[in-house]
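Colleague: Respectively, the protein sequence lines represent chains A and B.
For the first sequence, the numbering used here assigns the number 1 to the initial residue and increments by one for each residue that follows.
For the second sequence, the numbering used here assigns the number 1 to the initial residue and increments by one for each residue that follows.
Please note that a few of the clues may not be correct.
[Stated by the list, open to error] Straight-line distance between alpha carbons at most 35 angstroms, and here's what the computed DSBU-like set of lysine-lysine pairs gives:
| no. | chain 1 | residue 1 | chain 2 | residue 2 |
| --- | --- | --- | --- | --- |
| 1 | A | Lys-181 | A | Lys-239 |
| 2 | A | Lys-57 | A | Lys-346 |
| 3 | A | Lys-155 | B | Lys-72 |
| 4 | A | Lys-155 | B | Lys-76 |
Everything labelled a hint here was simulated from the structure, so no lab data went into it.
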Amino acid sequence: MKNVDIVIVGGGPAGLAAAVSAKRHGADSILILERDASLGGILNQCIHSGFGLHRFKEELTGPEYAQRYISLVEELEIPYLLGTTVIDITHDRKVTAVNSEDGVIEIQAGAVIMAAGCRERPAGAINIYGDRCTGIYTAGTAQKFVNIDGYMLGKKIIILGSGDIGLIMARRMTLEGAEVKAVIEIMPFSSGLNRNIVQCLNDFGIPLYLSHTVTSIKGDKRLESVTVAEVDQSLKPIKGSEREVECDTLLLSVGLLPENEMSKRADVVLSGVTGGAVVNERFETSTPGIFACGNVLHVHDLVDYVSEESERAAKYAVDFVRGRTYAESDIQITPGSGVRYTVPFKINPHNIEDNLVIRFRVSTRYSDKRIRVLINGEPVMSRLEPALVPAEMQTAVISREKLNAIPDIRDIVVEVGD
Amino acid sequence: MEKHEMICICCPRGCRLNVAAEGGEIKEISGNRCRRGETYAKEELTHPMRVVTTTVQLNGGKIPMLPVKTSKAIPKALIFDCIDCLRDVSVDAPAAIGDVIIKDVLGTGADIIATRTIGKRD
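Start from the sequences, fold in the hints, and give me the full structure.
Modeller: Structure representation (structure tokens):
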């Protein structure tokens, strides 16, 4: 068994940023384990632009953003293994991986950084009634077929779910010559970013049906049509509103789930809300020495924040390897009214070195409401937001000075209020 | 004075802009969290522009498709013409980020450039 200070599971945006940061913080040995044939992760198939405005102050495409970090990994000579799948991680950080060249690889890691991203919710997870025919894909799979492999999937397309990948694929399929008939969203609001509704749907006259869903699928071998129905407030289809829409392809953009099978094997406690690990301010999970960042922790809408989060996580992973100890993070950050979850989940103010950055999502749409952070019931931060939507990750920053000015912090609440 | 509500697409924040304009001239704008919003609103009212991203075939590369983009935004009305220009284009591997695939596409002043570095197939 070989020993490596920092083992990083996943060579996408989170893993790459974590690797670069670990190196810069002086880690002696680092190894990135990547399942795919190249570094870059999902960014490689996200050929559209809009990445990097925060990080690089310019608008990059996914592959360009990835290349910035891949180049750094190469320059810093950080080792990585491609085509390598992690099959086990123990609570004492023994990592087992396999690839076709080395066979089974066993590594004792000083610290493990989970950066494996997320998966799409598949057709099986949403239980649509009807035939089991071909022509049904998740939007991300479709994106890989079109943008990487060069295959077109169909001619008449319905997209169920208005997540960003679904919206991006509506435009992409249109540009490739398909007729995208509609995007169907069960909620009364889109789960994608507004800018994508504008530039991916409105620009091409693709209708978005809110409060609608697909209730059945028809097709002998290939998909022939789907039934679309309006839903009521409890999301149940309204009788009589059904209509059959001819199509040969159904794309699903119905949510992303952090991929945490390996974390579970290492006894990492997961959040029922995010599906990611419950982490403290150092991005350390409930299993000491195992850290999590990026979409495996919680689904992000901006890769720029993935990079930032992963850099922070890696710094603390290096601290762990060096035996630096921190006070126990035993103060919960509670999601208050209108807030679904927060990352981190718990903190210790003595461990905060610069600012406390809290990322969170709101549970529904709000307009002209305040985001507030309360410590021991007293507001320490309040910001008026003209519009809040669940699709956009929110950030609240509390400076270290502010935290230190409160002598006995017992509880922290993040809420949406008037 | 005409009033327009629009969503800025310059970055993923997607600011909701309230614009009051007269003959394409912006008189009042609110909701933008940075200065790009103002430029966007003005362009959107007079001559909307978009960066176009797509793929071209890559011969002999590790991956069969090479992602490309317009080096700057082109008129929105030319999106499909731009895609048509690229339909039968193929390039030989290797390719590197920034490689110019087509110069001055459709006379827009924008080049079609590669957005991924892809080596030759082994």
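Colleague: Hey, Lys-57 of chain A versus Lys-346 of chain A, does the alpha-carbon distance stay inside 35 angstroms?
Modeller: Holds, because 32 angstroms separates the two Cα atoms, which is no more than 35 angstroms.
Colleague: Between Lys-155 of chain A and Lys-72 of chain B, is the straight-line Cα distance small enough, at 35 angstroms or below?
Modeller: 30 angstroms, holds
Colleague: Would the hint linking Lys-181 of chain A and Lys-239 of chain A be met if the CA-CA limit is 35 angstroms?
Modeller: Between Lys-181 of chain A and Lys-239 of chain A the Cα gap is close to 22 angstroms, so the pair holds against 35 angstroms.
Colleague: Does Lys-76 of chain B lie within 35 angstroms of Lys-155 of chain A when you go C-alpha to C-alpha?
Modeller: OK: Lys-155 of chain A and Lys-76 of chain B at ~23 angstroms, within 35 angstroms.
The structure agrees with every numbered hint stated previously.
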